[in-house]
Structures are given as C-alpha cells and as structure tokens.
Amino acid sequence: MSGFSPNPDQNFGVRIQEALGNEELRESFHGAMTFLREKRRQQFPDPDALDALRTRGAAIRERALAQLPDLLEQLEGQCQHNGIRVHWAEDAAEANEIITGIARKTGGKRVVKGKSMATEEIGLNTAFENAGFSCLESDMGEYIVQQAHETPSHIIMPAIHRNKASIARQFAEQIPDTPYTEDVDELIGIGRRVLRRAFADADIGISGVNFAIAETGTLCLVENEGNGRMSTTVPDTHIAVMGIEKVIEKLSDLPDLYRLLTRSATGQPITTYLNLISGPRKPDEIDGPRQVHLVLLDNGRSRIYADRQLRETLRCIRCGACMNHCPVYERLGGHAYGTVYPGPIGQVVMPQLLGLDKAGKLTQACSLNGACGEACPVKIPLPDLIRRLRHDGVSRTDSPVRGQGKQRKWIEATIWATWLSIHTHPRLYRLSTLMATRLRRLMPPLPRAWTRHRSPLRPAARTLHETLQQRERARQKESAREQ
Amino acid sequence: MSPTIDRVYFFGTCLIDVFYPGAGMAAITLLEREGLEVLFPQAQTCCGQPPYNSGYDDEARTIARQVIETFDLPIPIIVPSGSCAGMLRKHYPALMAGDPLEEKANQLATRVYELHEFLHRVLNITLEDQGKPTRVVMHTSCSARREMEVMDDGLSLLRQLGNVEVCEPENAETCCGFGGTFAVKMSDVSAAMVADKCAAVNATGASTLLSSDCGCLMNIHGALEHRNSDAMPAEHLAEFLLRRTSGDAS
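Chain order of the listed sequences is A and B. Quick note: the first sequence uses the working numbering, first residue 98, plus one each step. Quick note: the second sequence uses the working numbering, first residue 304, plus one each step.
These are calculated hints, taken from the structure and not from any lab test. Worth double-checking, as some hints may not be accurate.
Think about it this way: if two alpha-carbon atoms lie no more than 20 angstroms apart in a straight line, the pair counts; the simulated EDC-like pairs of lysine to aspartate or glutamate are [what the hints assert, rightly or not]:
{"#": "1", "chain 1": "A", "residue 1": "K206", "chain 2": "A", "residue 2": "D298"}
{"#": "2", "chain 1": "B", "residue 1": "K393", "chain 2": "B", "residue 2": "D455"}
{"#": "3", "chain 1": "A", "residue 1": "K506", "chain 2": "B", "residue 2": "D361"}
{"#": "4", "chain 1": "A", "residue 1": "K574", "chain 2": "B", "residue 2": "E340"}
Sequences are here, hints too, so could you generate the full structure?
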C-alpha cells in the first residue's frame, strides 16, 4: 500500500482545494511548522556559525558526489569485508524483488520496518503484502499512518497532519482492548506495547540509511524512538535500503552532517539514538542479526547525476527543513502534493523521478520566495532547481529529465511571445502603456484569479516614461528660452 | 566606475512604470536631491523576470540583451525593487552564461543597486523627519531579504525618521504570496498566503503599509482593500521617505 500517485499532476488542483478548505489541517500544519522553525532557530543562534556549518556540510556532500562511482565501489568492498551483503537495484521493481527474495529465503514471514523514505519511494509495503508477508511500520508516526491506510505527509514527521483526538479514536477502534484516551503519553504507551511484541516476533527487519561511510563500510541510522535499533538488531535478518547518493567519504565527515541533520530536522542538538551499523553478529557475540544486507537503489538517480546542475538535488540529507520553511507546504500539508517527497525537495525530486509530464505541474506551487534554499543545511539552491525544471517543462532543449516540454501550453507560449514582441520594441511598449493609462477607466481589471481576492488594479494616469519625457521636454524648453 | 559618482542610471521597472509612477519619481527625486544626475533611458521596458520565472529563458535572454545594451555606460544602475534588482544582479550572469554578452552581463551585475541599498550604503544619506508622529508597518520582500540582502538598508533609513514608529508584521520573513505569475497560476494558494499577511499587517495597528517592492505592495494592499475599503494606505518606501523629509509632510 504505497498510496502515492504515479501521476501527481493529475488532480493536483483538486487536492489543493481540499487542503485549503480543511481548516483543521491548516491549523495543524501552521502550528507544527511554526514550532519546528522556532526549535531550529534556537539551535542556530549565531548566523555566521550556521553559515560556516552549512558551507562545510555542502562541501562534504559535494565532495562525495564528485567521486560517487568510486565511493560506491569502496562502500561495497568495505561492507562485504564487514560481512554485509550488497545488492544493486536499478529501479523500484528490482529493489522490491531483491528484498522480498531475501525475505523469502529466510523462511520467515513477519517483517518490521524502521522509518525509511527510500522504501516509501519503492512502495515496499505493497510488494511485501503481495508476496505474502506482513510488514509492520515501527516508527510511531509511520505506524499510525499505516494503520489508517494513509501515506506520510512529511518526510520526518509522517503523521504530522493528525491530531491527538483522531489518533485516540483510531487506536481505540483498531487495537484490541484499548480504551479511548487523548493523553499523549498513554497513546504512545499503547503503540509501544504493540510494537514491542512485533519486534520480538519479527523475522526480518527493514531500515533506511541516513549516511553510509565508504571508508569503513558503516551504515548510520539517526532516530529518536529506538525502533530503528530494534528493527536492525532483534530480527535475524536486517535489510537496509538506501539511495546511492547517501554515501559519504569518511567517518570524519559524519559529525558535521549529523549536527546539521538533527538541528535542521527537529531542532534537536542530538537524537536519542545514532546507530552505526558495521555488520552482522560476530561468532563470539550473543545478539544482533545473523545476516545484514544493503540494497543500493538507483531509481533514476544516475540520470539526475549526469546533469551538473540537477546533481545538486542529490546533496539532500532528507531533513525536511525545506518543507518546514515553505509557506506553500505550510498551507497545503504534504498530502496535497500526492508524492513520496512533498514540499520544495519533492517539487525538485519528483519531476526528475516521474517525469515532467507526470509531476511538472508541482513546480508551479512555488512563489520562489527562497525560504527553502535559505534553510537547506547543505545549501541546495532549491529555487534555482525549481525554475530550471519549469524551464525544462516548457522547452524543447536537451534535458535528461523525461517528459520535457510536456508542460508547454500554446496559450502561455503565445502570451510570452506577444509579451516579448512588446517589450523588445520600446516604442511599441511605450504606446501600449500609454494606451493603458489613457483607457484606464475602460480597461478590464486584471484576471479574475487576481481580483477574486484583491481589489482591481488600475494603471496610473501617466506612466513613468511619459512623466519623465514631459519633464525633459519642459526642461529643454526652459533652457532654450534662457538662451 | 569612477570613485566619485555623479551620474546614475535609473531602472524604473515595468510595475512602477504603469502602476506606481509616483514611487519612481520619488526615488529619482531622492537621488537628485543628493546632487546626482539621473539618466532614465526611454528604451527601457522590463527586466525579463516574468518569463524567466515561468521557465521561458529564451524570452528572458532576449530582454536581458536589450537591458545590457541600453544600460551600457559604466555607471551605477539604481533599481527601486529588490526583485528586479535581484534579476539584474543575481540572475543575468547565470542566464547569460555562454552568450556573447556574458562578460557584459557579469559587468552589469556589479553596477546594480537596490535603491535603498544605494542611498544607505553608498551615499550614506541622512534624513530629517518633518512629519507628525505616525506608525508604519514595513514589509520587506523576499528578494530584498534573501536575494539582495538589503533588508537592513530600508529599515535603517526608515529608523532615521524621528517621528515614525516602525513595526514589522508577525512572521515578517514569510512570503506575502505574490511571486509574480504565481499569484495568478496558483491564485488560491497565493490568496491563503496574503490573507495571513493581511492579518499580521492589520494586527500592528499601523496607519500606513510600506514596502520597497511594488509587487508585494500591490498584492498586500489589494487584498487589504478587497476586505475593507477603509484599509490603511500603502506606499513605496521611497515615496514615504521623500514625503517625510521634503517639507510637505503630513
């Protein structure tokens, strides 16, 4: 049950209307985003220090990407050396096949999963269901969302769109012998009890990867609830899934990125758990998984990598700060986008993953205000990338992004062609603006899209061009008279 | 550029040209008052930002060439808008990369100033308030704040006015929802954004709304007026600064 649309452009307008019309949802997001922004702000009191840290973070990611093929090979070698089996998946289908294949071989049936956006991206839960496995989400937010047959609405806080009353109702209805309570600690306690049993019974644990260190073959997993540690240590088999861009060069690269990730994501100086996974249980150890697998997922990333500008997309460390700072995301929430990755990073990633014909319209939901780029801990120029994808969507020039030109509509192209011919002929421009001022009382007000929410705009009585031309003429007359 | 500046170009912007010429004249007067000769090439039209932000780079490039050729003297170019200034300073070099005019675009970028940045940082003007006590609310555009980083210039000039109490709306750093074509293409999202901005602006209890970007001004003030015909008036910062310091202050 991945639930995400392969064609998010379809009905995007309808989802926007629904989101804007849902007062409760807007209130939830406004409150949560304001809270998260404030927490992050408190973690970065010194703007210069923040900028220096972001510059280092960007450089680390840039350096890793510059040598991506080599680092992946090194990672594979080091992981194998540590006893981790490495698999390469070209796309979602192949990844799912590999993962369900490994699971089948274990003979087990029960799967628990830590929070992982890469597995959301490939729709792993559906693949497991189809293959006859039960796969339980063990992150509290993901658990709530999965139980309600929903999709995550935020990459860090999947159930941020839900309030406690609706979760209380859900738990009371769906978990046997559960009384209705709106006490948050009690609700978490209820969920934890279910998950505890699931951990103990699980045969296979699935996790994502926040960073993979090529130098040491270590998989880093950042989390707060301990479900990541349980999913990766209790079951006999651990399968980690990561996008190929998540590799970093050295262990010494980790502290800066970790610092940036936790502070940017949840405003925490440090998370409760930082798991550094370096292999399966060793012969003399009494616990830990007996086998550890790493699935390296491409799923369109190589195509992104081939383009110098688009490659900046791959710096992302999936902290969610861009969505927390996006005024559009705050008003729509994650579901309106209809995509695995919502908000600014989603508007950049999804058209590249699905094609501009399927997700190009998402790029329009942006006022290019720049708040996302300013918040990004690794300085991804998100507004520039959104603009670039808008360009690829309407142009016929070479682009590695599929579906290029598919957003081009003749009416818009005609408007810009007309606009251009007026604005490149200064005399024609002055004539048109002059006409606009002379006919200002008769002119139809700006489009209804504007006037539905704002008073109509009327041109001034005289343009600046005309005012200055008249002033110039008067001055010339004056000086002629003086002579 | 010569060390002493005696002449500057004025890039009026298309929005000011048609809808807010008074703001343009006020800006020119502020510059002339400092003894500068202000050149206004009649061949200027727009900076090309609307097609550029819509992805129509070729159209934007054609306009950029025209701007580069029209403003070719090695003197500062003063722009009374953070957004258009950002287009000229930040985006032309990227847009014109690989074009025969690339060098000229880079050179032009170094000559571009947002009006209040120029008045404050380069001319270092001092203002004497001649008006009655009043309270204003200042909205800094996202491009002035993030792209041009000139937010403090406008506010510093404003704070020189002794009788003016300057407020900023709550969540001042949040976009007002204008975004050029965004306001039309995603009009309902834009409306939700400007509704919040209006509430924050009204909550300040100020009597005048100011901004140094006419796009935001036309969006926020248009929405304020749509709700209430008695809404507070809006002015471009240049108009307000001139009015408060030129003896006809009210």
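Hints versus structure:
1. Note on A/K206 and A/D298: the hinted pairing holds, with a Cα-Cα distance of about 10 angstroms set against a maximum of 20 angstroms.
2. A distance of roughly 19 angstroms separates the Cα atoms of B/K393 and B/D455; the hinted pair therefore holds under the 20 angstroms criterion.
3. A C-alpha spacing of about 16 angstroms is found between A/K506 and B/D361, which places the hinted pair at or below 20 angstroms, so the restraint holds.
4. For the hint pairing A/K574 with B/E340, the CA-to-CA distance comes to about 19 angstroms; that is within 20 angstroms, so the pair holds.
The structure agrees with every numbered hint stated previously.
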